[in-house]
Amino acid sequence: MTITEKILAAHAGVEKVAAGDLINAKLDLVLANDITGPLAIKEFAKIGVEKVFDREKVVLIPDHFAPAKDIPSAQQCVDIKCFAQQQGLTHYYEVGRNGIEHCFLPEQGLVVPGDVVIGADSHTCTYGGLGAFSTGVGSTDLAVGMAQGEIWFRVPETMKVVFKGVPENPWVSGKDYILAAIGKVGVDGARYMAMEFTGEAISNLSMDGRLTMTNMAIEAGAKNGIIAPDDKTLEYVRGRAKRPWKVYQSDDDARYSELVEIDVTKLQPQVAFPHLPSNVRDVDAAAKADVRIDQVVIGSCTNGRWEDLWVAAQVLHDKKVHENVRVIVIPGTQEIYLRAVREGLVETFVQAGAVVSTPTCGPCLGGYMGILAKGERAVSTTNRNFVGRMGHPESEVYLANPAVAAASAVMGRIAAPEEVLK
Amino acid sequence: MAGIEKSGLQKLKGKVWKVGHDIDTDVIIAARYLNRSEGDYLAQHCLEDLIPDITTKVRQGDILVAGKNFGCGSSREHAPVAIKHAGFSCVIAESFARIFYRNAINIGLPVIVAPEAAVAVQEGAVLEVDPAAGVIEDQTNGKTYQGEAFPPFMLEILQAGGAIPYVREKVKQRHV
Numbered sequence: 000m001t002i003t004e005k006i007l008a009a010h011a012g013v014e015k016v017a018a019g020d021l022i023n024a025k026l027d028l029v030l031a032n033d034i035t036g037p038l039a040i041k042e043f044a045k046i047g048v049e050k051v052f053d054r055e056k057v058v059l060i061p062d063h064f065a066p067a068k069d070i071p072s073a074q075q076c077v078d079i080k081c082f083a084q085q086q087g088l089t090h091y092y093e094v095g096r097n098g099i100e101h102c103f104l105p106e107q108g109l110v111v112p113g114d115v116v117i118g119a120d121s122h123t124c125t126y127g128g129l130g131a132f133s134t135g136v137g138s139t140d141l142a143v144g145m146a147q148g149e150i151w152f153r154v155p156e157t158m159k160v161v162f163k164g165v166p167e168n169p170w171v172s173g174k175d176y177i178l179a180a181i182g183k184v185g186v187d188g189a190r191y192m193a194m195e196f197t198g199e200a201i202s203n204l205s206m207d208g209r210l211t212m213t214n215m216a217i218e219a220g221a222k223n224g225i226i227a228p229d230d231k232t233l234e235y236v237r238g239r240a241k242r243p244w245k246v247y248q249s250d251d252d253a254r255y256s257e258l259v260e261i262d263v264t265k266l267q268p269q270v271a272f273p274h275l276p277s278n279v280r281d282v283d284a285a286a287k288a289d290v291r292i293d294q295v296v297i298g299s300c301t302n303g304r305w306e307d308l309w310v311a312a313q314v315l316h317d318k319k320v321h322e323n324v325r326v327i328v329i330p331g332t333q334e335i336y337l338r339a340v341r342e343g344l345v346e347t348f349v350q351a352g353a354v355v356s357t358p359t360c361g362p363c364l365g366g367y368m369g370i371l372a373k374g375e376r377a378v379s380t381t382n383r384n385f386v387g388r389m390g391h392p393e394s395e396v397y398l399a400n401p402a403v404a405a406a407s408a409v410m411g412r413i414a415a416p417e418e419v420l421k
Numbered sequence: 000m001a002g003i004e005k006s007g008l009q010k011l012k013g014k015v016w017k018v019g020h021d022i023d024t025d026v027i028i029a030a031r032y033l034n035r036s037e038g039d040y041l042a043q044h045c046l047e048d049l050i051p052d053i054t055t056k057v058r059q060g061d062i063l064v065a066g067k068n069f070g071c072g073s074s075r076e077h078a079p080v081a082i083k084h085a086g087f088s089c090v091i092a093e094s095f096a097r098i099f100y101r102n103a104i105n106i107g108l109p110v111i112v113a114p115e116a117a118v119a120v121q122e123g124a125v126l127e128v129d130p131a132a133g134v135i136e137d138q139t140n141g142k143t144y145q146g147e148a149f150p151p152f153m154l155e156i157l158q159a160g161g162a163i164p165y166v167r168e169k170v171k172q173r174h175v
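Chains as they are written, first to last, in numbering that gives the first Met the number 0: chain A, 0 to 421; chain R, 0 to 175.
Simulated from the structure, these hints should not be mistaken for laboratory data. Some clues are possibly wrong.
Stated by the list, open to error - The calculated label-pair distances, taken between Cβ atoms and stated as ranges, are:
id : chain 1 : residue 1 : chain 2 : residue 2 : range
1  : A       : E417      : R       : G60       : 54 to 62 angstroms
2  : R       : G86       : A       : K373      : 23 to 31 angstroms
3  : R       : E122      : A       : R54       : 44 to 52 angstroms
4  : R       : E168      : A       : A372      : 46 to 54 angstroms
5  : A       : V349      : R       : A148      : 39 to 47 angstroms
Unchecked claim - Listed below are the simulated SDA-like cross-link pairs for lysine to any residue, each with C-alpha atoms no more than 20 angstroms apart in a straight line:
id : chain 1 : residue 1 : chain 2 : residue 2
6  : A       : K80       : R       : I50
7  : A       : K231      : A       : V246
8  : R       : K14       : R       : P114
9  : A       : K41       : R       : E168
10 : A       : K373      : R       : F152
11 : R       : K56       : R       : V15
12 : A       : K68       : R       : K171
13 : A       : K25       : R       : F152
14 : A       : K265      : A       : N203
15 : R       : K14       : R       : E168
16 : A       : K68       : R       : E168
17 : R       : K12       : R       : K171
18 : A       : K45       : R       : D137
19 : A       : K41       : R       : K14
20 : A       : K373      : R       : I50
21 : A       : K25       : A       : P243
22 : A       : K45       : R       : K171
Every residue, glycine too, gets a C-beta built ideally from N, C-alpha and C.
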């Protein structure tokens, strides 16, 4: 069996599962935010049970439009807070003690290897970076999960994506691996499937880089992205985990429905042009297109982790943001924010002429804190560049890694880091 | 919220609105409207960035016909809720993104995978659809198409009117 099949079998209480099986799996954690939570709570109330299945396994985090951007958003935050209080949930985290959910949960050890997690947010697939099975669901599925502690799944086929080699370009990151993969298979290339990332380049990749990759599995249509735990994973998990964990690995004779190989040796940083994440170009080609920009966002559940801010700071150190550009840096969690303050990153950003925001999903989904006007263009380390994603339907989003985003901020157009750090 | 009324699964009839491939949930309902979750409010802004004024022109029962990967992107259930409350009786597509597909079934919006029909039927055609059987008849030219049938338990969810009435019934039975 594959790692995904093993985790699902264990949670369904059966010896073996195969792709296509319909199973009921026990849930280790269910998660919602201030957008999807209120709808889930409304649906939960109709089911006819008083209490959630386990008050220690339901996580509610106001992060999308929080700190509240307007009165209706404030009400949505109140809705989830009140529910958490009524139910006595142990894992409600208020603004100031939280972060962007998919940065926060791994950091705090709320998710561990071997878990089955559902979240009413499509980027819940992030936790596959720890060797967990995790997937996004809607609010009604979440309500059912909160009530019953289990949910049905169709066991997905698995696409094995092997990343070979060692990148020669020092600015190539997990973001570029996953953008290259999405570019290769397309936005529905892994639809309904598990994407299992493996190979030398993955072994060499940091945990922050791995979480960036599994985060964007949904952008290829996948149900989950997953990376089998290794020593790096366990080092990350030790000292954080709030629960015991279990390590699963794919068998040598596991069945894969597709095999994709990507050699990263010559890979350049990737830039996804509007309006699909699969619309990728090498950064050199992107730079030649002379795309003038108005905004840069560095943050989000994709690239708001410590390493992402650190890389951006390497590029922005002693540099100035281009006069036509505004830069918004958003640390993924309060812990990352504090470290960025202590280690001088915040000073680097502010000196360069960027703003540093509280952790929030805000601009990524066109919520607030950096909405684009008609005709404006942004380079963003986020995950989607759909029409109108970050604001006006006639604005444009170019997805890139933090180094490319920072370099573009200095140059005022899409640029490679080498153009800034000559 | 939609989906609590026992709707059963009657035959549907309506006029076709065609959209393309990879229609994402941001374009179905933009995040700027996600500070509220009432169906009627969301319906006013359904697909507005793709087809301006669409919500004033859709008539109750109309059918949305799409290309590949309909509903890709975010997990927002607001997307099928907006479509349902805008008046669409079902969505037919070459393929669906998985979270959208589940969400639609869960709120009692029939979604039918029918690649042949999705390509062939024309904007403005009138279709009669039997969602339980997956049969689509184009009344404009008399052609019929067979879409994919639902697995039995998914059909039960749709027949119950969505996942909540389905689960509520199971919870009730457990307490009897």
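* **Holds or violated: K14 (chain R) to P114 (chain R), with C-alpha atoms at most 20 angstroms apart** => holds (18 angstroms)
* Look at the Cβ atoms of G86 (chain R) and K373 (chain A) and judge whether their distance stays inside 23 to 31 angstroms. => holds (29 angstroms)
* Please test the hint of 46 to 54 angstroms on the beta carbon pair from E168 (chain R) and A372 (chain A). => holds (50 angstroms)
* Asked: Has the given pair, K68 (chain A) with E168 (chain R), been kept, meaning a C-alpha gap of at most 20 angstroms?
  -> violated (39 angstroms)
* To do: Confirm or reject the claim that V349 (chain A) and A148 (chain R) have a C-beta distance inside 39 to 47 angstroms.
  => Since the Cβ atoms of V349 (chain A) and A148 (chain R) sit about 59 angstroms apart, the hinted range of 39 to 47 angstroms is violated.
* Keeping to a limit of 20 angstroms between CA atoms, is the pair of K41 (chain A) and E168 (chain R) held or broken? -> holds (17 angstroms)
* Asked: Is it true that E417 (chain A) and G60 (chain R) lie within 54 to 62 angstroms of each other by Cβ?
  -> holds (58 angstroms)
* Asked: Okay, E122 (chain R) versus R54 (chain A) on CB: inside 44 to 52 angstroms?
  -> holds (51 angstroms)
* To do: Compare the distance between the alpha carbons of K373 (chain A) and F152 (chain R) with 20 angstroms, and conclude whether the hinted pair is satisfied.
  => violated (46 angstroms)
* Holds or violated: K265 (chain A) with N203 (chain A), Cα cutoff 20 angstroms? -> holds (16 angstroms)
* **Agreement of K25 (chain A) and P243 (chain A) with the hint, judged by alpha carbon distance not exceeding 20 angstroms** => holds (16 angstroms)
* To do: Starting from K45 (chain A), check that the Cα of K171 (chain R) is at most 20 angstroms away, please.
  => Measuring from Cα to Cα gives roughly 12 angstroms; hence the hint holds.
The structure is inconsistent with the numbered hints 5, 6, 10, 12, 15, 16, 17, 18, 19, although it conforms to all the rest.
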